[in-house]
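J.: Taken in sequence, the protein lines are chains L and X.
Add 451 to the 1-based position in the first sequence for the numbering used here, that's all there is to it.
Add 5 to the 1-based position in the second sequence for the numbering used here, that's all there is to it.
I should point out that these hints are in silico values taken from the structure, not numbers from a laboratory.
The reader is advised that the hints may include incorrect statements.
What the simulated footprint calls covered on chain X by chain L, stretch by stretch (three residues with Cβ under 8 Å from a Cβ of chain L suffice, anywhere in the stretch; the number is not a length) [claimed, not checked]:
{"#": "1", "stretch": "353-366"}
{"#": "2", "stretch": "373-384"}
{"#": "3", "stretch": "390-400"}
Derived CB-CB ranges, DEER-like [as the list claims (entries may be wrong)]:
{"#": "4", "chain 1": "L", "residue 1": "P576", "chain 2": "X", "residue 2": "H427", "range": "40 to 48 Å"}
{"#": "5", "chain 1": "L", "residue 1": "F557", "chain 2": "X", "residue 2": "G580", "range": "21 to 29 Å"}
{"#": "6", "chain 1": "L", "residue 1": "E620", "chain 2": "X", "residue 2": "E472", "range": "25 to 33 Å"}
{"#": "7", "chain 1": "X", "residue 1": "G17", "chain 2": "L", "residue 2": "G633", "range": "58 to 66 Å"}
{"#": "8", "chain 1": "L", "residue 1": "L564", "chain 2": "X", "residue 2": "S257", "range": "55 to 63 Å"}
{"#": "9", "chain 1": "X", "residue 1": "T105", "chain 2": "L", "residue 2": "A586", "range": "49 to 57 Å"}
{"#": "10", "chain 1": "X", "residue 1": "R150", "chain 2": "L", "residue 2": "L712", "range": "40 to 48 Å"}
All residues carry an ideal CB built from backbone N, CA and C; glycine is no exception.
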Amino acid sequence: MTAGPAIAPRRWFVRANATVGAVLVGCAVLAALAGQVATPYDPIALDFGARLASPSWDHWLGTDQFGRDVLSRLLSAASVSITVSLSTVALAMAIGITVGAVSGYFGGWLDRLVMTIVDAFMALPGLLLALALMAAVGQGKWGVILALGLAYAPSVTRVVRGIALSLREKEYVEASRAMGNGELYTIARHVIPNCVGPLTVLATAFFALTILAESALSFLGLGVPPPYPSWGGMLADARSYFAFAPWLAIFPGLAISITLLGINLLGDALRDRFDPRMAL
Amino acid sequence: MTDAPPLLEVEGLTIGFGQRTVVDGLSFRIAPGEIVALVGESGSGKTIAARSLLGLLPYGGSVCGGTARFRGEALPSLDESRLTALRGTAIGMIFQEPMTSLDPSMKIGRQMIEALIEHDGIGERDALSRAIAMLERVRIAEPERALDSYPHQFSGGMRQRIAIAAAMLLRPALLIADEPTTALDVLVQKEVLELLVDLTREVGTGVLLITHDLALVAEHAHRIVVMRHGRLVEAGPARAVLNGPREAYTRSLLEACPKRAARARPPRRLAPILEVDKLSVSHAGRGGWPGRRQAPVRAVDQVSLRLERGETLAIVGESGSGKTSLARAILGLAPIETGRVAFDQIELGRIGARHLAHVRRRIGMIFQDPFSALDPRLRVGAIIAEGLRHERGIGTAERTRRVERILAEVGMDPDFAGRFPHQLSGGQRQRVNIARALIADPQLVIADEPVSALDVSVQAEILHLIERLQQTRGFACIIVSHNLAVVEQIADRVAVIFRGRILEEGPRDLIFDSPRHPYTGALLRAAPRIEGSRETGFRLSRYAAPVAPPPSGYAYWPWQAEPPRLAAPELVELGQGHKVACFREEKSPS
Numbered sequence: 452m453t454a455g456p457a458i459a460p461r462r463w464f465v466r467a468n469a470t471v472g473a474v475l476v477g478c479a480v481l482a483a484l485a486g487q488v489a490t491p492y493d494p495i496a497l498d499f500g501a502r503l504a505s506p507s508w509d510h511w512l513g514t515d516q517f518g519r520d521v522l523s524r525l526l527s528a529a530s531v532s533i534t535v536s537l538s539t540v541a542l543a544m545a546i547g548i549t550v551g552a553v554s555g556y557f558g559g560w561l562d563r564l565v566m567t568i569v570d571a572f573m574a575l576p577g578l579l580l581a582l583a584l585m586a587a588v589g590q591g592k593w594g595v596i597l598a599l600g601l602a603y604a605p606s607v608t609r610v611v612r613g614i615a616l617s618l619r620e621k622e623y624v625e626a627s628r629a630m631g632n633g634e635l636y637t638i639a640r641h642v643i644p645n646c647v648g649p650l651t652v653l654a655t656a657f658f659a660l661t662i663l664a665e666s667a668l669s670f671l672g673l674g675v676p677p678p679y680p681s682w683g684g685m686l687a688d689a690r691s692y693f694a695f696a697p698w699l700a701i702f703p704g705l706a707i708s709i710t711l712l713g714i715n716l717l718g719d720a721l722r723d724r725f726d727p728r729m730a731l
Numbered sequence: 006m007t008d009a010p011p012l013l014e015v016e017g018l019t020i021g022f023g024q025r026t027v028v029d030g031l032s033f034r035i036a037p038g039e040i041v042a043l044v045g046e047s048g049s050g051k052t053i054a055a056r057s058l059l060g061l062l063p064y065g066g067s068v069c070g071g072t073a074r075f076r077g078e079a080l081p082s083l084d085e086s087r088l089t090a091l092r093g094t095a096i097g098m099i100f101q102e103p104m105t106s107l108d109p110s111m112k113i114g115r116q117m118i119e120a121l122i123e124h125d126g127i128g129e130r131d132a133l134s135r136a137i138a139m140l141e142r143v144r145i146a147e148p149e150r151a152l153d154s155y156p157h158q159f160s161g162g163m164r165q166r167i168a169i170a171a172a173m174l175l176r177p178a179l180l181i182a183d184e185p186t187t188a189l190d191v192l193v194q195k196e197v198l199e200l201l202v203d204l205t206r207e208v209g210t211g212v213l214l215i216t217h218d219l220a221l222v223a224e225h226a227h228r229i230v231v232m233r234h235g236r237l238v239e240a241g242p243a244r245a246v247l248n249g250p251r252e253a254y255t256r257s258l259l260e261a262c263p264k265r266a267a268r269a270r271p272p273r274r275l276a277p278i279l280e281v282d283k284l285s286v287s288h289a290g291r292g293g294w295p296g297r298r299q300a301p302v303r304a305v306d307q308v309s310l311r312l313e314r315g316e317t318l319a320i321v322g323e324s325g326s327g328k329t330s331l332a333r334a335i336l337g338l339a340p341i342e343t344g345r346v347a348f349d350q351i352e353l354g355r356i357g358a359r360h361l362a363h364v365r366r367r368i369g370m371i372f373q374d375p376f377s378a379l380d381p382r383l384r385v386g387a388i389i390a391e392g393l394r395h396e397r398g399i400g401t402a403e404r405t406r407r408v409e410r411i412l413a414e415v416g417m418d419p420d421f422a423g424r425f426p427h428q429l430s431g432g433q434r435q436r437v438n439i440a441r442a443l444i445a446d447p448q449l450v451i452a453d454e455p456v457s458a459l460d461v462s463v464q465a466e467i468l469h470l471i472e473r474l475q476q477t478r479g480f481a482c483i484i485v486s487h488n489l490a491v492v493e494q495i496a497d498r499v500a501v502i503f504r505g506r507i508l509e510e511g512p513r514d515l516i517f518d519s520p521r522h523p524y525t526g527a528l529l530r531a532a533p534r535i536e537g538s539r540e541t542g543f544r545l546s547r548y549a550a551p552v553a554p555p556p557s558g559y560a561y562w563p564w565q566a567e568p569p570r571l572a573a574p575e576l577v578e579l580g581q582g583h584k585v586a587c588f589r590e591e592k593s594p595s
């Protein structure tokens with residue numbers, strides 16, 4: 452193709468981004484797995500003798516106000532936080548893509564009805580909506596996933612619907628109908644795959660939002676129930692001690708940031724990888 | 006004219022984008038009042054070259070060499086403030102797309118006088134009265150009201166006339182017109198171009214006309230500059246270049262212009278492949294609330310057609326005439342309001358969705374825009390094979406074999422199957438488009454403006470391809486087009502459609518040589534064409550066929566005026582299948 456020498460540095464940069472993203476996400480996943488197998492200490496065991504100990508050889512990342520080992524809690528929380536955010540985004544995407552593509556593609560009264568409902572949902576703050584939903588679906592890990600997934604689905608629906616609306620006018624969609632293909636086949640084959648680019652961006656943004664929202668819910672006592680740790684919950688707990696035990700906030704914060712950075716980089720790389728127009 | 010000191014003198018102009026040179030050593034000159042046409046296919050660098058004169062290069066482009074002197078002043082070396090003073094007053098510009106070149110949020114008056122006040126330093130009232138005079142000159146009705154209107158309230162042709170008025174209001178010494186009429190309908194095209202030529206002659210403005218349309222150039226330009234791949238191919242007086250092109254490329258461009266050729270008579274069988282009887286199609290009106298909706302717009306009105314097997318019918322009309330709606334209704338993509346469409350004696354309105362899908366598989370569709378007709382995420386092989394999805398008992402190997410065979414038939418290598426659409430040129434994409442339409446071996450192919458998005462030389466290739474495939478495969482074909490020259494080359498029969506109604510229909514030669522309806526006559530007269538061959542030399546010709554009076558006892562359906570609520574016109578048979586739309590005189594006192 453037109454890969455002149457001027458493009459080469461950019462190409463290298465994209466590849467490097469993809470590699471860094473994959474390594475960071477890999478680290479997070481490894482941490483989550485390690486947390487399931489073995490941790491240096493029991494993440495929920497209290498040790499009042501070692502309360503708020505700063506990082507040392509015994510406790511690499513220090514201990515919290517109950518003397519629990521921060522490293523062990525971080526590792527053990529990794530699997531919860533990653534499962535929750537992944538499942539939430541997957542749920543929101545699944546609902547949003549299906550409803551949005553069908554609504555945008557068919558248009559008419561169906562579209563108007565769906566969009567009215569979506570607008571009504573979007574008028575409520577996401578977290579408030581999640582709170583209301585959790586009252587209905589229950590608490591705990593799966594409650595968080597369900598509630599946040601449903602709370603974010605309307606935004607995805609709106610984005611997908613907008614794209615589907617414009618794709619409907621594309622000649623290749625019309626060509627598919629002209630060939631005698633069914634409407635659902637046309638949606639699955641030609642509409643949804645062409646929504647992926649913008650959705651990758653949205654999905655990575657939602658990962659970040661979910662981790663933070665989960666922490667907010669944990670803070671309100673609705674998320675992962677104590678004493679089990681989650682990254683967001685740990686961050687929330689650390690607020691009162693930040694002045695004299697900053698490591699309590701810094702390390703969960705770092706874990707969240709690093710995972711998000713990895714997901715962002717990997718998301719962009721995947722989008723480019725699966726878009727043939729960007730083929731390197 | 007060549008004796009006068011040149012208005013614009015371009016020498017060795019070289020423009021690069023990064024490492025790529027898009028304009029390479031271009032030289033030409035324009036004398037005051039002279040019209041110079043810069044001709045070339047897409048990617049030839051003609052637009053870039055013209056834009057560089059005004060310092061309007063897109064991001065990343067830079068002038069690497071050469072000089073451009075405007076009245077002796079070197080242009081590329083000018084600083085931004087001097088360029089701003091030159092733009093508009095000394096050098097005006099008109100763009101291709103009248104829909105986007107006027108600011109939609111500003112009233113016409115404000116847009117027109119803005120530059121006038123800025124540059125000439127005259128008062129607002131003087132400026133407005135000059136604007137009104139200029140709008141009158143470009144024949145905008147009620148200019149005072151036009152000044153107080155927004156661009157969306159005007160049609161494309163009117164907007165382009167307003168754009169011309171706005172540019173000429175400043176009486177520039179040089180006008181750069183970039184494909185000024187390409188986006189317009191045939192009749193409007195002629196009008197706008199003649200206006201542009203008249204107006205610039207009055208003011209004594211030199212014109213740099215950028216275009217790909219050779220017939221247009223031949224008619225109006227004094228001199229021609231032919232460009233290819235950023236280089237000058239040939240330059241000279243328009244007539245000389247046309248009559249005796251010296252370069253092979255110029256010759257091939259001229260040869261590529263569609264010309265009439267004898268058509269093999271299609272085999273006639275008893276049952277027609279397609280019968281359309283009094284078909285009407287309406288589009289739902291806009292508006293969100295039920296009851297508040299605008300009245301539906303009738304796009305196709307009582308149209309009847311008949312298509313024999315193996316025959317090519319061209320549906321000719323301007324934009325908004327309903328030609329695309331008609332084609333879509335035949336495929337069952339637009340809802341049939343009243344009337345009957347029968348494909349191979351299967352009536353479309355009466356069958357369920359599953360049978361409709363069956364019928365659609367026997368009709369191939371070729372789309373206009375080769376860029377949006379192919380799903381960008383699928384490989385060419387997958388795109389073509391999709392047409393085989395409904396055929397039972399085809400294995401992967403058989404599928405691949407058939408895809409390769411059809412690729413060969415449209416003149417492409419089998420390894421194109423593994424490529425993505427964005428890796429192909431416009432012509433290659435259109436071949437893929439054709440391959441997809443033909444792979445299921447349809448009996449009818451509907452082609453909606455199949456070549457209007459392509460360059461002249463590619464256009465000729467694609468037209469020949471369609472003709473050849475039709476001979477080997479024997480499908481019937483409906484070509485929807487606004488381009489009379491294309492229609493003349495490829496059609497057996499022609500139907501002229503206007504405001505959803507067929508005004509005239511008949512064998513190609515009769516329509517082109519002895520049109521009966523005044524609308525057909527006007528369309529033909531508006532379309533200049535290139536005739537001749539390599540041996541005889543090329544020349545410009547116009548259809549000059551006189552339009553005969555209507556058959557006795559009938560009057561023509563009045564197309565120029567807003568049609569009164571007449572009874573639907575009847576198609577009166579004139580012999581040899583030639584029909585013209587008239588209404589009986591006694592029915593309307595006129």
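J.: Broken hints, numbered, in rising order?
T.: Violated: hints 5, 10.
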